[in-house]
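Could you build all of it, start to finish, from the sequences and the hints given here?
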Amino acid sequence: MAQIELEPLGQLPPSAASERAAVGPRPISVGWTNKTTRDLLAHAVLILGAALMAFPIYMAFVASTHTLTQTLTGLPLLPGDRLVDNYRQVLSEGLRNYGLPPIWPMLVNSIVVALVITFGKIAVSILSAFAVVFFRFPFRMLAFWIIFATLMLPVEVRILPTYEVAASLGLLNSYTGLTVPLIASATATFLFRQVFMTIPNELMEAARVDGAGPLRFLWSILIPMSRTNMAALFVVTFVYGWNQYLWPLLITKDTAYYTVIMGIQRMARASDFEPQWHLVMATVILALLPPLIIVAAMQKQFVAGLFETEK
Amino acid sequence: MQDKRVTFPGIVVPLALLLPQLAITFVFFVWPSLRSLQGSLFEQDAFGLSERFVGFGNFARILSDPGYLSALGVTFVFALATTALAMSVALALAVVADHAVRGSAVYKALIVWPYAIAPAIAGVLWWFLFNPTIGVLPRLLAPLGIVWNHFLNGNQALLLVIIASAWKQVSYNFLFFLAGLQTIPPSLLEAAEIDGAGAFARFRAIVFPLLMPTTFFLAVVNLVYALCDTFAVIHATSAGGPGTATTTLVYKVFRDGFEALDLGGSAAQSVVLMLIVGALTIAQFRYIERKIHY
Numbered sequence: 001m002a003q004i005e006l007e008p009l010g011q012l013p014p015s016a017a018s019e020r021a022a023v024g025p026r027p028i029s030v031g032w033t034n035k036t037t038r039d040l041l042a043h044a045v046l047i048l049g050a051a052l053m054a055f056p057i058y059m060a061f062v063a064s065t066h067t068l069t070q071t072l073t074g075l076p077l078l079p080g081d082r083l084v085d086n087y088r089q090v091l092s093e094g095l096r097n098y099g100l101p102p103i104w105p106m107l108v109n110s111i112v113v114a115l116v117i118t119f120g121k122i123a124v125s126i127l128s129a130f131a132v133v134f135f136r137f138p139f140r141m142l143a144f145w146i147i148f149a150t151l152m153l154p155v156e157v158r159i160l161p162t163y164e165v166a167a168s169l170g171l172l173n174s175y176t177g178l179t180v181p182l183i184a185s186a187t188a189t190f191l192f193r194q195v196f197m198t199i200p201n202e203l204m205e206a207a208r209v210d211g212a213g214p215l216r217f218l219w220s221i222l223i224p225m226s227r228t229n230m231a232a233l234f235v236v237t238f239v240y241g242w243n244q245y246l247w248p249l250l251i252t253k254d255t256a257y258y259t260v261i262m263g264i265q266r267m268a269r270a271s272d273f274e275p276q277w278h279l280v281m282a283t284v285i286l287a288l289l290p291p292l293i294i295v296a297a298m299q300k301q302f303v304a305g306l307f308e309t310e311k
Numbered sequence: 001m002q003d004k005r006v007t008f009p010g011i012v013v014p015l016a017l018l019l020p021q022l023a024i025t026f027v028f029f030v031w032p033s034l035r036s037l038q039g040s041l042f043e044q045d046a047f048g049l050s051e052r053f054v055g056f057g058n059f060a061r062i063l064s065d066p067g068y069l070s071a072l073g074v075t076f077v078f079a080l081a082t083t084a085l086a087m088s089v090a091l092a093l094a095v096v097a098d099h100a101v102r103g104s105a106v107y108k109a110l111i112v113w114p115y116a117i118a119p120a121i122a123g124v125l126w127w128f129l130f131n132p133t134i135g136v137l138p139r140l141l142a143p144l145g146i147v148w149n150h151f152l153n154g155n156q157a158l159l160l161v162i163i164a165s166a167w168k169q170v171s172y173n174f175l176f177f178l179a180g181l182q183t184i185p186p187s188l189l190e191a192a193e194i195d196g197a198g199a200f201a202r203f204r205a206i207v208f209p210l211l212m213p214t215t216f217f218l219a220v221v222n223l224v225y226a227l228c229d230t231f232a233v234i235h236a237t238s239a240g241g242p243g244t245a246t247t248t249l250v251y252k253v254f255r256d257g258f259e260a261l262d263l264g265g266s267a268a269q270s271v272v273l274m275l276i277v278g279a280l281t282i283a284q285f286r287y288i289e290r291k292i293h294y
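Residue numbers (our numbering), protein chains in the order written: chain A, 1 to 311; chain B, 1 to 294.
Treat the hints with care, as some may be off.
Keeping only pairs whose Cα atoms sit at most 20 Å apart, straight-line, the calculated DMTMM-like set for lysine to aspartate or glutamate is [said to hold, decoys possible]:
#, chain 1, residue 1, chain 2, residue 2
1, A, Lys35, B, Glu190
2, A, Lys253, A, Glu164
3, A, Lys300, B, Asp98
4, A, Lys35, B, Asp98
5, A, Lys35, B, Glu259
6, A, Lys253, B, Glu259
7, A, Lys35, B, Asp195
Facing chain B, from chain A, some residues (calculated, C-beta under 10 Å) [unchecked claim]:
#, residue
8, Ala51
9, Pro161
10, Val295
Just so you know, these hints were derived from the structure itself, not from any lab.
Idealized CB from N, CA, C, for every residue including glycine.
Here is the structure:
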């Protein structure tokens, strides 16, 4: 089947960007000095905002490069020379005295869990959006509303019964338990539904004339055409999966299944009693890097994903 | 949904395609929620061996429980303050970034990235910055005569989790406000400027009303975030304390369910939360539907 070139679907710009482009940047028709002052003020506010965002993480990084004594006796404002030692120690040892595993296996767990959740969500949502858009069957609307219901029921409002279900299915302390219950997604399903609804009927008729069945149509046409949406969804969902906290906390008692985000809580709690802040902050940095790198590297897809999943 | 769509025939295939999503949704979302509904109407002993129908007894009990009312109050203050703080800082930054100053793309990148940070980590970062003995901020506050100790002072602990929760949410709000601002036609603002409207008058009369849909949408998203996702901020830092100063509704459900083992009460609390979150979600979707039809 020939490669079909179509515009990427579901791109956002919901804006008056076209008018802006035509008019050019908003002219500020006041005097020269006035404009300069205003620009300086704008830069000042934006620098302050950027600093406010970076400050806590910068201080965490600084703390992670000093000895414990230095963090306790007035933390310097510049990084120290213990970067390699501290990070090596958390990765291989962690806070062993508190019965906590090293950070390395926690990071591996986090990556596995985040990737399974991400690809699971995308796969499951594509399949259900495909079914809802390209088939007519009884209870179609009912299925749609059941999926919608997940939006109203975040794990926080059904903590105990969901835990009981997971326990009765033997999912405690398992990767299945950490991932599968988080794979259902109304937002991703709605996103793909929107995308699929813009597919012209002619395209599907052509595919059918060529003898393509539903699965062939899904695999050879719909999935390649929704690549940009999948990339956008990937960023947002990876961040979501990596940052999970309450659910892993509920269903893992065995430290071998800890993810790094929940491991930090145990370390911070231990550190309230016997300070180990240099190690806790090294863990914080390690735990925030993977999602941060993905958001920074795929910023365009990330912004698109944010708008697509919320609108 | 439109009906002009050409479709494939068959019933078995679509149902099979829907099965994974529906199965997970039913087992882990719908069924536990129904269990909560049912549990909220019964009184169970701690071992789950016997139960007795009590109607709305559990609801009446939690609503007259000072601990629950305190959590309700804390949640109210916490959610409103977090939402207001996260939204106002984001709006201010977005308004400034919307002006075409040099390097605004760089600023945008620098403001956006904390989106990637987990609420739990946001909490621990600020918990460290405000640490009474070694934190940077208490050292700065000391000369002002402010003694910071969130282990002892409940208001300070609440302020700390509000700051941490709002900090993490600024980037999200910033992106949506910026997108909203960029839909405002420049011609409108120029016309007002020609009529002699100053920057503040233009913001109040044109920008703010046109941003109302975005503001409403963000308010709902932020309230849901403050109700639910901030569990991680609180659990990873203050653990609801000191006393019950930072015990929100979700934190209380968690603690009562797992530590106090009050199953009926916990179920009733879950149902109350479901109602609140459900109402907010419906409000959000009604707004989106309306916008689509314009």
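Now the hints, each set against the structure:
1. A/Lys35 / B/Glu190: It holds: about 15 Å lies between the C-alpha atoms, which stays within 20 Å.
2. A/Lys253 / A/Glu164: 14 Å, holds
3. A/Lys300 / B/Asp98: Holds - the C-alpha atoms of B/Asp98 and A/Lys300 are around 18 Å apart, at most 20 Å.
4. A/Lys35 / B/Asp98: At roughly 15 Å apart (the allowed maximum being 20 Å), B/Asp98 and A/Lys35 satisfy the hint.
5. A/Lys35 / B/Glu259: 61 Å, violated
6. A/Lys253 / B/Glu259: 15 Å, holds
7. A/Lys35 / B/Asp195: Given pair A/Lys35, B/Asp195 holds - Cα atoms ~19 Å apart, limit 20 Å.
8. Ala51: It holds, given that the least Cβ distance between A/Ala51 and chain B is near 9 Å, below 10 Å.
9. Pro161: Given a least distance of 4 Å, the restraint on A/Pro161 holds.
10. Val295: 4 Å, holds
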